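Next come the chains, spelled out residue by residue.
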Amino acid sequence: MSIAKKMTDLDTFLTYSVALEEEAAERHDELADMMDVHNNPEVAETFRKLAHYSRLHAGEIRDQAKGRDLPVIAPWDFGWEGMEGPETGDISDVNYLMTTGHALKIAMGNEQRAHDFYFEISKDSPDPDVRDIAAEFADEEKEHLELLEKWLENHPGSEDEAPYDPDPPHMPE
Amino acid sequence: MDQAVAPVTLAPKDYKSALKPVWCPGCGDFAVLNAITKALAFMGLPRENVALISGIGCSSRIAAYTSVYGFHGVHGRALALASGLKSARPDLNVLVAGGDGDGLSIGGNHFIHACRRNMDMTYIIMDNEVYGMTKGQASPTTAPDWADSKLTPHGTGIRPFQPAGLALTAGASFIARGFTGDPNGLAKILVAAIEHKGFSFVQALSPCPTFRPEQMQWKRHVKAFEAETTRNPIEAAQRIQADDGMSTGIIFRNEYPVFRPGSGIDKGMGAIESEFTI
Numbered sequence: 571m572s573i574a575k576k577m578t579d580l581d582t583f584l585t586y587s588v589a590l591e592e593e594a595a596e597r598h599d600e601l602a603d604m605m606d607v608h609n610n611p612e613v614a615e616t617f618r619k620l621a622h623y624s625r626l627h628a629g630e631i632r633d634q635a636k637g638r639d640l641p642v643i644a645p646w647d648f649g650w651e652g653m654e655g656p657e658t659g660d661i662s663d664v665n666y667l668m669t670t671g672h673a674l675k676i677a678m679g680n681e682q683r684a685h686d687f688y689f690e691i692s693k694d695s696p697d698p699d700v701r702d703i704a705a706e707f708a709d710e711e712k713e714h715l716e717l718l719e720k721w722l723e724n725h726p727g728s729e730d731e732a733p734y735d736p737d738p739p740h741m742p743e
Numbered sequence: 044m045d046q047a048v049a050p051v052t053l054a055p056k057d058y059k060s061a062l063k064p065v066w067c068p069g070c071g072d073f074a075v076l077n078a079i080t081k082a083l084a085f086m087g088l089p090r091e092n093v094a095l096i097s098g099i100g101c102s103s104r105i106a107a108y109t110s111v112y113g114f115h116g117v118h119g120r121a122l123a124l125a126s127g128l129k130s131a132r133p134d135l136n137v138l139v140a141g142g143d144g145d146g147l148s149i150g151g152n153h154f155i156h157a158c159r160r161n162m163d164m165t166y167i168i169m170d171n172e173v174y175g176m177t178k179g180q181a182s183p184t185t186a187p188d189w190a191d192s193k194l195t196p197h198g199t200g201i202r203p204f205q206p207a208g209l210a211l212t213a214g215a216s217f218i219a220r221g222f223t224g225d226p227n228g229l230a231k232i233l234v235a236a237i238e239h240k241g242f243s244f245v246q247a248l249s250p251c252p253t254f255r256p257e258q259m260q261w262k263r264h265v266k267a268f269e270a271e272t273t274r275n276p277i278e279a280a281q282r283i284q285a286d287d288g289m290s291t292g293i294i295f296r297n298e299y300p301v302f303r304p305g306s307g308i309d310k311g312m313g314a315i316e317s318e319f320t321i
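Chains as they are written, first to last, in this note's numbering: chain E, 571 to 743; chain H, 44 to 321.
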């Protein structure tokens, strides 16, 4: 059964949406911490901003869910189509020498997957209320994607190239 | 008058400390930290009821990154320390973590005896098939033909340990394998491991992006074990032998007597002294 078909009521959908955004925020924070520790402050700040936006979005969804009794779902029972939520960046895609351009490319991939997730639900959920709100969320993700595209325009260049490491990991003689 | 105290609900982040991990960006060990904190939050364990003991190595730094009790011990001796702690404080949930070198080479003897002793604790080996902290030497789980270290320019030529097989042979009562690319799946395994009464062993496949960058492709090869968990050690052995080491899930689970001080033959000091009476 596709994940969209599982969205049979608004409470379930909102629980998934909050989890998706909060997991994305935590990952962005984690990536920011990695960059802080490895003295890449510019990219750390970028990931920190992305975490902030994900957290804002999660907060908005929580506000919408106020007064509702959202189900508790264990992290492994969401059954995301990948191994983590659709907006969660892959931890293995980062490098200590990455640029803001790389970080924004990763963020755009995350937003695209989040858009596709909501868009699929807006088409295939059996509940009309869920379909409506999922369509709104899909539009919001599309707006985020466009904002990131504009942000990326200010950081042209090396985002498609592997970072050059002039001092690669040292193997002892 | 006593006031009722509402139970505190902790989120995974509440089990993390304020320290930022110094692991390399992309390291699988981040996901082990996430999986542990998700498992503890799901189980609702109070932080003061959990202790995380570790050895030495990149992965063994994990004890400092949680807000539960922690002890960053000496190389290969995490299980010895944890056994002492569990003996003194059987009420604590004791987790033990470290790398493949710490657990299977320097601490190899402690590992096999911890398996057969079956004290109630959970041991996580974060397996990246390399000594990372000392800059990339072959470990007991490294393939014999890995030749990227200048110490072993033609590979070690030695067949690696199979941690799950070793644990089974040594008598472990719970054996599982998880993958750091699937932190939610790993968290689910950890919940089962912590709930298990006895010694639970979890091998976490945890890629090293710095010294084993080819491991970043593990995410394309990892799959779930097709068969259900078995309580039959012969079936478990066959499954482990037939596998390429990339299948995840709970392989083996059985109930064996759990060791705690006094649970074996305990004659008491009086009886022992009487044996020496002339």
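Hints are computed from structural coordinates only; laboratory data are not their basis. Just so you know, these numbers come straight off a predicted model, no measurement behind them. Glycine included, every Cβ here is placed at the ideal spot set by N, Cα and C. Be aware that a few hints might be false.
Below, a list of computed lysine-lysine pairs in the DSSO-like style, where the Cα atoms sit at most 27 Å apart [said to hold, decoys possible]:
no. : chain 1 : residue 1 : chain 2 : residue 2
1   : E       : K575      : H       : K63
2   : H       : K56       : H       : K262
3   : E       : K619      : H       : K56
4   : H       : K266      : E       : K619
Cβ-Cβ distance ranges computed for the label pairs, FRET-style [to be verified]:
no. : chain 1 : residue 1 : chain 2 : residue 2 : range
5   : E       : K720      : H       : A267      : 39 to 45 Å
6   : E       : L717      : H       : K56       : 22 to 28 Å
7   : E       : E612      : H       : K266      : 34 to 40 Å
8   : H       : Q284      : E       : G629      : 48 to 54 Å
Quick rundown of the hints versus the structure:
Our distance criterion of 27 Å between C-alpha atoms is broken by E:K575 and H:K63, whose separation comes to about 40 Å. Among the hinted pairs, H:K56 with H:K262 is consistent with the structure: their alpha-carbon atoms are about 25 Å apart, no more than 27 Å. For the proposed pair E:K619 and H:K56, the alpha carbon gap of about 19 Å is at most 27 Å, so the pair holds. Restraint check for H:K266 and E:K619: the C-alpha separation of about 35 Å exceeds 27 Å, so the hint is violated.
Distance hint for E:K720 and H:A267: a CB-CB separation of about 41 Å, consistent with the stated range 39 to 45 Å. The given range of 22 to 28 Å is respected by E:L717 and H:K56, whose C-beta atoms sit roughly 27 Å from each other. Separated by about 38 Å at the C-beta atoms, E:E612 and H:K266 satisfy the suggested range of 34 to 40 Å. Distance hint check for H:Q284 and E:G629: the Cβ-Cβ separation is about 51 Å, which falls inside the suggested range of 48 to 54 Å.
Comparing the model with each numbered hint stated earlier shows that hints 1 and 4 do not hold.
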